[in-house]
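Colleague: Produce the entire structure from the sequences given, and follow the hints as far as they go.
Number of protein chains: 2
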Amino acid sequence: MKLSEKARMCTLSPMRKFTPYAMAAEKAGKKIYKLNIGQPDIETPPEFFDAVRNFSQKVLAYANSQGIEPLQDAVVDYYHRIGVEYTKQDILITTGGSEALQILFLSILDPGSEVIVPEPFYANYNTFIKAAGGVVRPLSTIPEEDYNYANAEKLEALINENTRAIAIINPQNPTGNVLTEEELRRIADVAKKHDLYLICDEVYREFVYDTDDVLCAGRLRDMDENVVIIDSVSKRFSACGARIGMLISRNKGLMAQALKFCQGRLCTATLDQVGAAALYKVGPEYFAKVRDEYRRRRDLCYAKLTAIPGVVCAKPMGAFYVMAKLPIDNAESFQQYLLTEFEDNGETVMVSPATGFYATPGKGLNEVRIAYVLKEKDLGRAMDLLAMAIDRYNHR
Amino acid sequence: MKLSEKARMCTLSPMRKFTPYAMAAEKAGKKIYKLNIGQPDIETPPEFFDAVRNFSQKVLAYANSQGIEPLQDAVVDYYHRIGVEYTKQDILITTGGSEALQILFLSILDPGSEVIVPEPFYANYNTFIKAAGGVVRPLSTIPEEDYNYANAEKLEALINENTRAIAIINPQNPTGNVLTEEELRRIADVAKKHDLYLICDEVYREFVYDTDDVLCAGRLRDMDENVVIIDSVSKRFSACGARIGMLISRNKGLMAQALKFCQGRLCTATLDQVGAAALYKVGPEYFAKVRDEYRRRRDLCYAKLTAIPGVVCAKPMGAFYVMAKLPIDNAESFQQYLLTEFEDNGETVMVSPATGFYATPGKGLNEVRIAYVLKEKDLGRAMDLLAMAIDRYNHR
Chain Z
1 MKLSEKARMC
11 TLSPMRKFTP
21 YAMAAEKAGK
31 KIYKLNIGQP
41 DIETPPEFFD
51 AVRNFSQKVL
61 AYANSQGIEP
71 LQDAVVDYYH
81 RIGVEYTKQD
91 ILITTGGSEA
101 LQILFLSILD
111 PGSEVIVPEP
121 FYANYNTFIK
131 AAGGVVRPLS
141 TIPEEDYNYA
151 NAEKLEALIN
161 ENTRAIAIIN
171 PQNPTGNVLT
181 EEELRRIADV
191 AKKHDLYLIC
201 DEVYREFVYD
211 TDDVLCAGRL
221 RDMDENVVII
231 DSVSKRFSAC
241 GARIGMLISR
251 NKGLMAQALK
261 FCQGRLCTAT
271 LDQVGAAALY
281 KVGPEYFAKV
291 RDEYRRRRDL
301 CYAKLTAIPG
311 VVCAKPMGAF
321 YVMAKLPIDN
331 AESFQQYLLT
341 EFEDNGETVM
351 VSPATGFYAT
361 PGKGLNEVRI
371 AYVLKEKDLG
381 RAMDLLAMAI
391 DRYNHR
Chain W
397 MKLSEKARMC
407 TLSPMRKFTP
417 YAMAAEKAGK
427 KIYKLNIGQP
437 DIETPPEFFD
447 AVRNFSQKVL
457 AYANSQGIEP
467 LQDAVVDYYH
477 RIGVEYTKQD
487 ILITTGGSEA
497 LQILFLSILD
507 PGSEVIVPEP
517 FYANYNTFIK
527 AAGGVVRPLS
537 TIPEEDYNYA
547 NAEKLEALIN
557 ENTRAIAIIN
567 PQNPTGNVLT
577 EEELRRIADV
587 AKKHDLYLIC
597 DEVYREFVYD
607 TDDVLCAGRL
617 RDMDENVVII
627 DSVSKRFSAC
637 GARIGMLISR
647 NKGLMAQALK
657 FCQGRLCTAT
667 LDQVGAAALY
677 KVGPEYFAKV
687 RDEYRRRRDL
697 CYAKLTAIPG
707 VVCAKPMGAF
717 YVMAKLPIDN
727 AESFQQYLLT
737 EFEDNGETVM
747 VSPATGFYAT
757 PGKGLNEVRI
767 AYVLKEKDLG
777 RAMDLLAMAI
787 DRYNHR
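Taken in order, these protein sequences are the chains called Z and W.
According to our numbering, the first sequence holds residues 1 to 396 in order.
According to our numbering, the second sequence holds residues 397 to 792 in order.
Everything labelled a hint here was simulated from the structure, so no lab data went into it.
Beta carbons are placed, not taken as given, at the ideal position from N, Cα and C, and that holds for glycine.
Please note that the accuracy of each hint is not assured.
Unchecked claim - On the chain W side, residues computed to face chain Z include the following (Cβ under 10 Å): (1) Ala457; (2) Gly479; (3) Phe501; (4) Arg560.
Modeller: Structure representation (structure tokens):
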């Protein structure tokens, strides 16, 4: 029985491949502080659950393939409030930002088409691009330069006749890098010059800690044909399990093709769309509060991390991740050690080994991504466990 | 800005491409009886909504990529009750049967790989197979032979070195054909002989009207490596908007590859999984009642349809669709006529033009798929409108 080459080329998610070990450890009574996955402990605004509970239709019917109108309207309003004008026609509601990426890559990539992605990057880009027959062309960055990738020369050096898009995650997962307006413009100019899509994954848009600016590539009105925004309610409203995302673009040709794939899978879950529409009712005080909370976590996480001898990392400016080079031989072996051998008072910690965040073979072997998604007390304990585990791992 | 070849090769869904016309007609005050889409008017069992309302976690978190355990357990129990033994490891919960098909085809198809599909078939197979780089190899059937495709010789004639799978929908969408046990065995033997996947889309399993047998290819225990079941709660429990489906197989190699794509998109909506698990609590009396209701609709629909002069169709044995050749020149023009010109007392009807259900060019031009998903009174009126519209369309 044959399996596909693209399936073989894909890997298990670095965030999730150790889940079976974690489940076994938990069944054995171990407590695990999970810094491996971007699953915040912030409460989902009750507006979501209220809307879902008040749903009164007797038949849970299909929604429109492009999404229910109240949610599209809510998204249009939200963008208007941050100074970006979109219409309903520019928005396709998808099953998470994940499906927005899948549908986008299916719509623009042929076998061998290349997408330039600054590396390290959110690992599932690998899966989505390969599933569509494409190739990841990484632009390597380093912690010593704050993982900055806003370099026109380096970008242009990667462009060839197969290049279809530049994909940036801003704020960046997993590095926490945040672009300035000038840097975004610099990248946009390269995309425009070479007639490439500029894919801007902005699902962490509000999570910036050293500026009050909320950047959105949708403001680059000379780039209407190029810019595609990937968005989601998952992080913004701590509603990861709703699986509500969106593909946003003013490029009508692209949206017409994407709609075919949307119609193919019929629709996104109806009830979650109803709940998601209600989420957009929360005011700016919600974002301010969440941002303050994450800023404190970022500061704590970064302080604890840099206090561990031998750790190299850049201070994250946004999102809720930090990449770190640990003084260990291999992050995957270390992760396995954390789940199967290490414990302190019955507790351990989980991170994401980083090789999956790189497309360049051999990179990230002793690096990890840490998601600072736990409340300060838990996060502090988790980071102490990490420090303890590194020491014990190296003295086995 | 380039678009992908596979996007260009896909089409809008024949069930949904006329949605914009329908929305315009409805905004203008027209009532539309929708027989174009498999959206039943049967109430979703309240168990779904009760479970969703009772969800008490404050954070709507990601679920496991393979699905939540209570839902996997409920599915295992359901199959046990119909005499098919599966374990949790054989089940991946997906976003509708649609995503199960997408993930399956991504896992088994390389560029140019072929899937044999009896034609006419559920149109979105086209999209899913092409999106994965594959090719649909249709096995043509005709109404005069009840759209029967259980023909080993015809199947074998289509097999070549690129063939990876035979995909059957049983009960069949759009024809209503239902396999006997002996016919299923005949097809299975071909798949086994040629080492092919046997993809059995059984989302309409309980909707059979002339037999009490509930067929499931999971019972073919000599075919554990070949058989893949596509299943869903959408039709079984009239919960289309939940988008909960499943990919089921005892082929461990396949399931390991499919898990990569499941992890890539993180998970299926958490709350819908909680609701879906509760759906499986309904007893056999639920299925019996729903089946009786659909049998009456089938009988009414078929009687009204065959009373229209010039119509050719086969009596459907299962699912809730009937394919019919209408005495018109072109079903797409006719559909447009129905939505933009025709009306009787402010009412009209919508069906699915059938070319999209065929892979062979030129087939299905004057055929339509009718979904008998409305209660008898509405269905009767809808069929009367159809008869009236055919007459008027031909006398414009």
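Colleague: Hints first: check each against the structure and report whether it holds.
Modeller: Cross-check of the supplied hints:
Interface restraint check for W:Ala457: the shortest CB-CB distance to chain Z comes to about 5 Å, inside 10 Å, so the restraint holds. Violation of the interface hint for W:Gly479 is found here, the shortest Cβ-Cβ separation to chain Z being roughly 25 Å, above the 10 Å cut-off. Checking W:Phe501 against chain Z by beta carbon gives a least distance of about 8 Å; that is within 10 Å, so the hint holds. Because the beta carbon of W:Arg560 sits about 6 Å from the nearest beta carbon in chain Z, less than 10 Å, this interface hint is met.
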